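Number of protein chains: 6
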Amino acid sequence: MKKGIAFYNVGDVFDHFLLVKAATKGVASNGKPFLTLILKDTTGEIEAKLWEATPEDEELFQSEMLVRVMGDVNQFRGRPQLKIQSIRPAQATDGVQISDFIEKAPVDKETLLEQITEIIFEMVNPNLQRMVRYFIKKYQDDLLVYPAAVKNHHEYVSGLAYHIVSMLRIAKELKSLYPEVNKDLLYAGIILHDLGKLKELSGISAPSYTLEGKLIGHIPIMVEEIGQAAKDLQIDGEEVLILQHMILSHHGKAEWGSPKPPLVREAELLHLIDLIDAKMNMLNRALEKVNPGEFTERLFAMENRQFYKPTFEEK
Amino acid sequence: MKKGIAFYNVGDVFDHFLLVKAATKGVASNGKPFLTLILKDTTGEIEAKLWEATPEDEELFQSEMLVRVMGDVNQFRGRPQLKIQSIRPAQATDGVQISDFIEKAPVDKETLLEQITEIIFEMVNPNLQRMVRYFIKKYQDDLLVYPAAVKNHHEYVSGLAYHIVSMLRIAKELKSLYPEVNKDLLYAGIILHDLGKLKELSGISAPSYTLEGKLIGHIPIMVEEIGQAAKDLQIDGEEVLILQHMILSHHGKAEWGSPKPPLVREAELLHLIDLIDAKMNMLNRALEKVNPGEFTERLFAMENRQFYKPTFEEK
Amino acid sequence: MKKGIAFYNVGDVFDHFLLVKAATKGVASNGKPFLTLILKDTTGEIEAKLWEATPEDEELFQSEMLVRVMGDVNQFRGRPQLKIQSIRPAQATDGVQISDFIEKAPVDKETLLEQITEIIFEMVNPNLQRMVRYFIKKYQDDLLVYPAAVKNHHEYVSGLAYHIVSMLRIAKELKSLYPEVNKDLLYAGIILHDLGKLKELSGISAPSYTLEGKLIGHIPIMVEEIGQAAKDLQIDGEEVLILQHMILSHHGKAEWGSPKPPLVREAELLHLIDLIDAKMNMLNRALEKVNPGEFTERLFAMENRQFYKPTFEEK
Amino acid sequence: MKKGIAFYNVGDVFDHFLLVKAATKGVASNGKPFLTLILKDTTGEIEAKLWEATPEDEELFQSEMLVRVMGDVNQFRGRPQLKIQSIRPAQATDGVQISDFIEKAPVDKETLLEQITEIIFEMVNPNLQRMVRYFIKKYQDDLLVYPAAVKNHHEYVSGLAYHIVSMLRIAKELKSLYPEVNKDLLYAGIILHDLGKLKELSGISAPSYTLEGKLIGHIPIMVEEIGQAAKDLQIDGEEVLILQHMILSHHGKAEWGSPKPPLVREAELLHLIDLIDAKMNMLNRALEKVNPGEFTERLFAMENRQFYKPTFEEK
Amino acid sequence: MKKGIAFYNVGDVFDHFLLVKAATKGVASNGKPFLTLILKDTTGEIEAKLWEATPEDEELFQSEMLVRVMGDVNQFRGRPQLKIQSIRPAQATDGVQISDFIEKAPVDKETLLEQITEIIFEMVNPNLQRMVRYFIKKYQDDLLVYPAAVKNHHEYVSGLAYHIVSMLRIAKELKSLYPEVNKDLLYAGIILHDLGKLKELSGISAPSYTLEGKLIGHIPIMVEEIGQAAKDLQIDGEEVLILQHMILSHHGKAEWGSPKPPLVREAELLHLIDLIDAKMNMLNRALEKVNPGEFTERLFAMENRQFYKPTFEEK
Amino acid sequence: MKKGIAFYNVGDVFDHFLLVKAATKGVASNGKPFLTLILKDTTGEIEAKLWEATPEDEELFQSEMLVRVMGDVNQFRGRPQLKIQSIRPAQATDGVQISDFIEKAPVDKETLLEQITEIIFEMVNPNLQRMVRYFIKKYQDDLLVYPAAVKNHHEYVSGLAYHIVSMLRIAKELKSLYPEVNKDLLYAGIILHDLGKLKELSGISAPSYTLEGKLIGHIPIMVEEIGQAAKDLQIDGEEVLILQHMILSHHGKAEWGSPKPPLVREAELLHLIDLIDAKMNMLNRALEKVNPGEFTERLFAMENRQFYKPTFEEK
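First to last, the sequence lines map onto chains S, F, A, L, X and V.
When we follow full-length UniProt numbering, the leftmost residue of the first sequence carries the number 1, and every step to the right adds one.
When we follow full-length UniProt numbering, the leftmost residue of the second sequence carries the number 1, and every step to the right adds one.
When we follow full-length UniProt numbering, the leftmost residue of the third sequence carries the number 1, and every step to the right adds one.
When we follow full-length UniProt numbering, the leftmost residue of the fourth sequence carries the number 1, and every step to the right adds one.
When we follow full-length UniProt numbering, the leftmost residue of the fifth sequence carries the number 1, and every step to the right adds one.
When we follow full-length UniProt numbering, the leftmost residue of the sixth sequence carries the number 1, and every step to the right adds one.
Just so you know, these hints were derived from the structure itself, not from any lab.
In this text, all values refer to a predicted model and were calculated from it rather than measured experimentally.
Wrong hints could be hidden among the right ones.
Any copy, or any two copies together, can satisfy a pair, since identical chains are not distinguished.
Dumping the calculated BS3-like pairs for lysine-lysine here, alpha-carbon to alpha-carbon at most 27 angstroms [what the hints assert, rightly or not]:
(1) K172 with K289
(2) K289 with K25
(3) K32 with K83
(4) K151 with K104
(5) K231 with K137
Taking the hints into account, I'd like the entire structure generated from these sequences.
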């Protein structure tokens, strides 16, 4: 058996389980109804057509369910498409579960929590430490499973926590290189910077933007949350204001969604560390899919560039 | 007597009261200390030099006090400058008061409050009405005296309230032209849109930006305040989210400080009405100072344009 | 019967009259000729396919004629498409007429003319009044039926006159708020600002750009017309120059087609009023089509934004 | 005697005639009035100070008059400044005249007219030829003496005609390389493209912008003039429209003042030829002033670049 | 017989030889394999479908071979498509050769070499002349057959040499108009400016970018080559540096690939001459395909403009 | 004694040694010559005026010499200025040396070399290692003393080597976080990326741009050097091309001087690490000069931002 849907080529026959990501109805040019399904496993996704779908089919196949599907991999407008021959819902006896079909961070959530907790122990500024503890406690469940984004980078289960932990590691090293850096402030900023995504995104698998996400966005959402947390915790040191500023400015520029640019050293560092980790995540995953001597596909969030993997990487 | 400092020309002798806006020390090229004062009345301001200032002078003349000053109006690098011959603090017996030297809105604050209150009475959506009442009550004193900005438009006492009232009048008329508009939403947005300036600006006369103003800015400040007000008032309808969005988006574009552009009809209208009233305020005040057939000075906040007053305006 | 083509869903059968907006021939992958028709009524338009079209069909079905058409509403690439079962030209006895199938301004042309005329009566500057009368007389017929644009806003019969009248109403109110405004100048600018479109656009239903429109554009066309009118009427006051400037600058910026930005107060106001009325026209029509709690389609001329209709709009 | 004011260095004594370009009054820090004069000859200009100026001095020394001046060349803020020791108006007996102090094109106006006329003879399209003759006749006097601009390029007497003649020569060569080019159209476009400057600029020596120049600009002015000329000459071929388009588009882009970009081959060529001749004029004059191995001053109209003159240019 | 593939319309039957530019396999929605061929002659190219292709077909038909093809010209998504009825490789006895199917410069390569050589004879600066000779000798074969680009302008056999020769002719004329220009420098810059393309592009017919082309680009490639040539020839005058600068800056701006803008007169001229010749090549070829009174297709490399051919061009 | 010139305030008397950075002559408004000196020590620099300078003074005081100077610190246009009372050249017996007056990296050059050498030992790719050794050997002397820039960041003795070593440390940590990174490639890129500055800058103390620096710039200079080194070392693996690409792209964008953006993972990382180290160097040095609760001066190379030092930094 092949490793996953991403490894099938035009002409192959596919016969295995997949997760339904989306299902929409259509009417073919011959007037007959059909279903367009987006099917996925951890290696990728494929558009599939169930021609001459019955009303029962339309009822049956819904987003977020597992199916057993058999069909031919064709090509349509330059992209692979699965022409379904047979399809049925997965059953208990099939021994497959949804979590096997969703991409996950390479580190489990217990370890991620442990690493975040360890960093919090290192903090000495009581205001910053209390603030961070408050949020970890409040959002622990979601924080450990949410993706960091809808697409582009860390867009998988536990992506947000994995992104935080990677950033904390970079921060730790930069602190040792630049001892002037306020470690507590930088750690607090990293842990909190994207928590607004827990309200901006609709969920864990196949997330979209909530109404609040569309009209306000994760940055102002989190600025407000910090203000309210400070009230609840009765903290009124300048740390609150600086933390709000760090969240507000972490996209770096007004055009990128930060109404104020970083105006505090640790805010600038937070922005740079976020940039590095997001870019490396995108780059590494794109390069993993190509052989030495080849270019990756275009990476939209990296100015549409295609990256080259040198031939001497083999050695 | 001339009408005010703005009407004095090079060569004139000035002998009257002025308000000290700022005072800074310097040392002249001959090694002697001097004072640079910015002096103002309601018509404008002038830089003044008190050469060979004594340590007593340096102590005595401070920002926000009234002085009687006599001197010659010279020109330095193309701008008028007052060479002080004599200067003394104003005394009780002089019969002058600070409020006579600060520019004020053309309508008194009682009338402004009345007009805002009247509009609130017209509102029928209880969530929006309660929210607006809450803020008017909380900030009434400052709201009625604050300027709307540090410079450019409505930068005078009661400028903020005057700006709100003008915008409400425009809103009322546009509502009658476009009946689809949600009047309550638009009114609430107008009344609240700039209240964050009460925290962004340091005060009423000669205001500067507070630390919170520099690091967060009046838009996120007010978004947070609305969230907290909703908690206090236990309002949780969609009105809260929409109001926050209106505040957030009222500058129209990311580059202008709004991380989300207007995505609700009344948010778009709020942005446009704000634009019109701010521009008309700048334009009318600049054109007032020139004769028909002349151009105004460059207006920085209007893309540095100089505006022309047609000759037939005389008729 | 459903209200119009825009209200039909995939799977519905359509059987009614429509106006042919465009007709083009094609050859199907089976080698057989077919016709692609764009059919419309006042609610919208739909692409329709007449498969296996005969040479007679190709001759018969032309742009700007009414047809009776029966067929199924399918979906093709995410958009509805009508698969024609039968089609025939409308006949005199069908009792339908083209004007019923074209969108029109919500006010009839007599009323529009009346409202414009009323405003002209209010003008007191003889040069401006004569100029405006001259153009109203010269272009009255076209002015009352032309659209204001090919697409985006007021793109329907009498759209131009309706846009003018709406703008005049806004102008009247702003004059009362800002008494410094020169009413006559602003009224004249509004009435004349887009008259160049009578030469820029090819006609009333389904207009395209004329050669003059493509190579010169409505702004320089109208600047020239005002110059010639002034010659004909022997007016040579500064009003002519200022009016030409208002037309020239009414798009606000060089990038938007105005080689000079507004440099006269009423020119700036003209630009702002034009902006408000165009945007409100687009917004109101887009929001009318969606339910509370939904977003509109993307509005190209409003930076591709999708607007939200709050749920509390129902109340 | 040195060749001209541009060749004097700090420390030199100047004692010769100069033309007053501008005169403004000031008051020195010692309270005494002084005059700031801008004095020029064909090599350049210098700011001059007449300290302790009498009221008679202020009356006497006016723009556009010749003076005999003696003084020291100092330096003020990095720029040379003339400290006047003595100054008097030039007298008839001094044998100097204004035209000796203004820069002129290197070719006399009779020759320029001859070269333009010769080109007109070569034209065969009667509509284009008549149009060009009409304008040459109408504006002959001004056309032969006006500068092509207020500053940057060809900003000297007969600069406009000289610019036209240079462009015609380039056009002639490009026509021979690219025979598809419509020679008559290109010639007509070149001759007429900047004639609007005769209304945009106030005069020949020390020109500024007229009100019409500021509010309308030379491009729309000339588009209108061509329309009126066509009416007068009863020409209504497509040539009129194309010529208007060429004028309208000759700055190449909206941001540079052309509401339509070139959409006809000869319009594109006109834009490119204009660019080359303007740039070469600026470059050659700037390089003339420096030695091999040196950089020119910053050229504002060439993106503020400084150009290098290679050392091997000496050979 | 029609003149070439570009002149066939939908509905025509094509039966002639064509060159295979590219061949890719696909699987139709009925599950059967097919071939998509891009076929071309000197007038243009067409996409062709060979439905139900056999494995032998897939082997047989490859890029860069000549085929005899018969089929119907259909339309698919608004573009012509050839539905192949029969296809076979061309044979020796068919009397056709590849060079007849590739577009070539309008001048043969011997003449181009002669014209370049002639210019080199005119050069008097020994360093520049030796440098140019070195490269002409080194790259003569490729230089005379390479295209100047992959698309947009001079994208045909000998396009590079033809572009050089056209530019040299313009240079010669501009030298006579502006005698200050250093002829040798300008000639050398023109001849060498695009030689880096011999390494940037993969070949002559259907060229693509090499890895070196993608990662370095023709400009830095050629800067390096000049440095190495100077070493080989033991030239160390300033000419080397200036030539490198001319190559480096010839795209005019950083955004267009020149890290330094032109800072030497001849570098600026090189950029302008390159611009003119590239634009005229694009424009003339696009206008050649349309009739008077029509617009060309959109020209991507000319800001997507469509150009108009005036009706009086017929005369 | 105060610590250095940067710590003197207006009104203080300065009496100590300083290094002359620049000396220029002027003539005062009283007609007398004066000298403007820029004097510096490791803490900063100050403009100084020697009024009524004799011709001997003008001869004597030159750039790059040490002087003993006494005078008063005044203020001129908001900046401190030293009014010289007495000045004399430093003598051997004064026991001061130039190196004490120039800012240096905080690590000595032996240590820097050691750290670079250590990294080279870790490299295993022979092509990359040989290339790096070649350049370290070729440029060792200059590399260890040159600044990394003329201003903004690491603009002090050994700044370049210090910048390289800091970047190597960051690289080492990122390699451990992202094991996919090719360590040898990244190290080689970091060590070589700015070596072109050794030709771009004129020297160590008070450096300016060389002609080669102005016309070519350090990026293409180094691309060429790598090509030549590869020839000398007879290396022709893909490593050469990739290294050249890394140098070429390390500024990240065309507008910032890189004609190709990073298209290899390690090239992107090189760009990001360069950014972090340059920014941290600027930020730390600016923040060092201010107290908690204050803002820094505007940092030109960081978009003119002023950074805030939080009050809780004291704790």
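Hint check results:
1. Proximity of K172 to K289 under the C-alpha cut-off of 27 angstroms is restricted to the inter-copy arrangement: shortest distance 25 angstroms between copies versus 30 angstroms within a copy.
2. Taking the shortest alpha-carbon separations for K289 and K25, only the inter-copy value of 22 angstroms comes in at or below 27 angstroms, while the best intra-copy value is 32 angstroms.
3. Taking the shortest alpha-carbon separations for K32 and K83, both the intra-copy value of 16 angstroms and the inter-copy value of 12 angstroms come in at or below 27 angstroms.
4. For a Cα distance limit of 27 angstroms, the shortest separation of K151 from K104 inside one copy, 14 angstroms, qualifies, whereas the shortest one across copies, 44 angstroms, does not.
5. With identical chains, the CA atoms of K231 and K137 are at most 27 angstroms apart both within one copy (17 angstroms) and between copies (21 angstroms).
The structure shown violates none of the earlier numbered hints.
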